[in-house]
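Those protein sequences? They're chains S and Z, same order as listed.
Residue numbering for the first sequence follows the working numbering, beginning at 1 and increasing consecutively.
Residue numbering for the second sequence follows the working numbering, beginning at 1 and increasing consecutively.
Worth flagging that the hints you see were computed from the coordinates, not collected in a lab.
Computed from a predicted model, the values in this text were never measured in an experiment.
Just so you know, not all the hints are guaranteed correct.
Once the Cα atoms are required to be at most 25 Å apart in a straight line, the calculated SDA-like pairs of lysine to any residue come out as [to be verified]: (1) Z/Lys113 / S/Glu313; (2) Z/Lys113 / S/Val114; (3) Z/Lys113 / S/Met305; (4) Z/Lys113 / S/Pro311; (5) Z/Lys113 / S/Ile113; (6) Z/Lys40 / S/Arg273; (7) Z/Lys113 / S/Asn77; (8) Z/Lys113 / S/Ser310; (9) S/Lys131 / Z/Ala55; (10) S/Lys131 / Z/Lys332; (11) Z/Lys113 / S/Gln308; (12) Z/Lys113 / S/Arg234; (13) S/Lys131 / Z/Asp26; (14) Z/Lys5 / S/Glu315; (15) Z/Lys113 / S/Pro35; (16) Z/Lys113 / S/Glu2; (17) Z/Lys332 / Z/Lys353; (18) Z/Lys113 / S/His37; (19) S/Lys131 / Z/Arg56; (20) Z/Lys353 / Z/Ile219; (21) Z/Lys40 / S/Glu313; (22) S/Lys131 / Z/Asp20; (23) S/Lys131 / Z/Gly35; (24) S/Lys131 / Z/Gly79; (25) Z/Lys113 / S/His161; (26) Z/Lys40 / S/Ser310.
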Amino acid sequence: MEKAEQVALYRAMLRIRRVEEVLAARYAEQEMRCPMHLCIGQEAIAVGVCGALNPHDVVFGTHRSHGHYLAKGGDLNAMVAELYGRSTGCCGGRGGSMHLIDLHAGFMGATPIVGGTVPLAVGAAWAAQLKGESRVSVVFFGDACFEEGVIHESLNFAALHRLPVVFVCENNEFSVYTRLTERQPDRPIYRVAEAHGLTACSGDGNDVEEVLSLARKAVNHARSGQGPQFIELRTYRWREHCGPNFDDDLNYRSKPEIESGLKNCPIQNFESRLAQQAMWTSSLREQCESEIAAEIEAAFVFARMSPQPSPQEAEGRLYA
Amino acid sequence: MPEMKRQKITFAQAVREGIDQAMTRDPSVVVIGQGVSDSKAIFNTTAQLRDMHGARRVFDMPLSENGMTGVCIGAALSGLRPVMVHQRIDFVLLAMDQLVNNAAKWYYMFDGKASVPMVVRLIVGRGWGQGPQHSQSLQAMFAHIPGLKVVMPTMAHDAKGMLIAAIEDNNPVVFIEHRWLYHISDVVPEEYYRVPLGRAHLRHQGDAVTVAAFSYMTIEALIAAKALLATMGVAVDVLDMRTVRPLDVDSVLTSVRKTGRLLVADTGFRTGSVAGELISHVAEQAFDALRTRPLRIASPDHPVPSSPFMAEGYYPGAQAIAERVLDLVGAKKEGSGYRALCEQVAPKGAHDKPNLAFTGPF
């Protein structure tokens, strides 16, 4: 892999991490008044998968989609402004953290009903196929989504028509606070997708290069007419299901488990690897950090200076 | 404007013609639903469409109502105009998440950045022992949802024109077809035309009572209106409401300000009905114009049983409408006029068959 590409991956992960850390730090100010599901610890999946896409490829997300949105090129100012409920937000204040969109970046929309956007990505792929466009659509979802009927309906139709869609399962083992073993039998998720007729694989979702490599293969296959692809990526959610904090006090997972999860940091792992390859200097990291910090600072200034929408606007834009 | 060529065709043929012409005019229109390309062709409303427009635009589909609704939403967000068909309205309950949470809200929650131009055709399957899960008329459930449009035309002319308007609309439109209308003929222009959504149509005029009717109940209301005039000299307005959301309250208010009396005839269950909603609007906005209490006629608050013996009398029709009109005007139910009225509005034929030619099986 080229050095510039590796630095770009590192920088993209670090940017998502730092954005969410600032969100978490400022959440207690009670100016961002919406539920917020942070993806800290899971950045490699968003960055690796979106790294394999063209600008005109489209992505659908979930309730936990800050990372997907930013990795696909979604506008940071518009996202932060949305969290602050401002008119300049990507949804004009109608959506909050759980509804993100940036059509210019190919980010088609994120919504918080589990499984809700999965068939939409299939529909986008169906439209691309019917119109003869080479666009690939990608949908991110969690392990609990695999328990929803709609994903199996979507996999079936995608396989039936060999649609150019890539399903990305972020398996962080938890649905809110309920562990995977309490929800699904002991069998790999991706093998069920395979049984639906998809090409499926699994990998380490905390290794950004592995994610990128699996995603590239899947996206190329989908684009070249080889049918829908499924990637299951193992990862770990660092913070509480919803909100800015760590949640050790809730006791649904053990301290050693949390510690081992936090040790397996996708950003630090990648940085260590870069250092081993003698590709890394502390000045490169400092440069990334300072650029990102300046961008984030500007985004928060933009958001907080932006106008507040009025209650009179709430009834508008119901019908196109 | 040149005069349109006219033809007499059935409601089912008008639906088919509307889709066919919309597909010819706009290559982004696609049709999908279980059975759209089989030999029964959804009561012949999709007959020959695949032959004419190709298998890439007319799809049979897996029996995945929710997933496929989502697929259509995703396609609609990506430049297609899907027309989805379910053989019974009861089946779309499986798709309520996609319809209510995604289709209805996408334009609003994403601040107008993208809309969902799709039509969901739903068929009310009354009669022939269809029973509790194949015969419901659930328009009120959809009408409750901001962001959806809900239409239910009565006449073939409107079926074609409103279906074309629904396909051209940039919002999700729930298009409800009562199968007891399918065989009824009407004069329908051969050309491509639109009938705007959201406007009621006055089909019979009078100053005694306003009868606002939905879908098939308009047919029953017209039978009652003609008989009332001929036998008792009672003249009523019959408004074919045509759309459930947005509800054309203004047309009803105009009529009620003339008649002072309101009867609403609905095909749905009584509790939480659109009829109740319409009465609320009139009570709120024109209470002083009402000379007596408004009434509604709807299906009883229990499912329809399958047995033809047990289902007898379940559906109110022209008889009930005529009786309630007489109640509202305070007419005496006696004499030769009343006897003639009773004869004219009495149910004709078997109560469980939409028409004489019907022999089942579904």
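Hints violated by the structure (listed by number, smallest first)
Checked against the structure, the hints that fail are numbers 6, 10, 12, 14, 16, 17, 21, 25 and 26, while the rest are satisfied.
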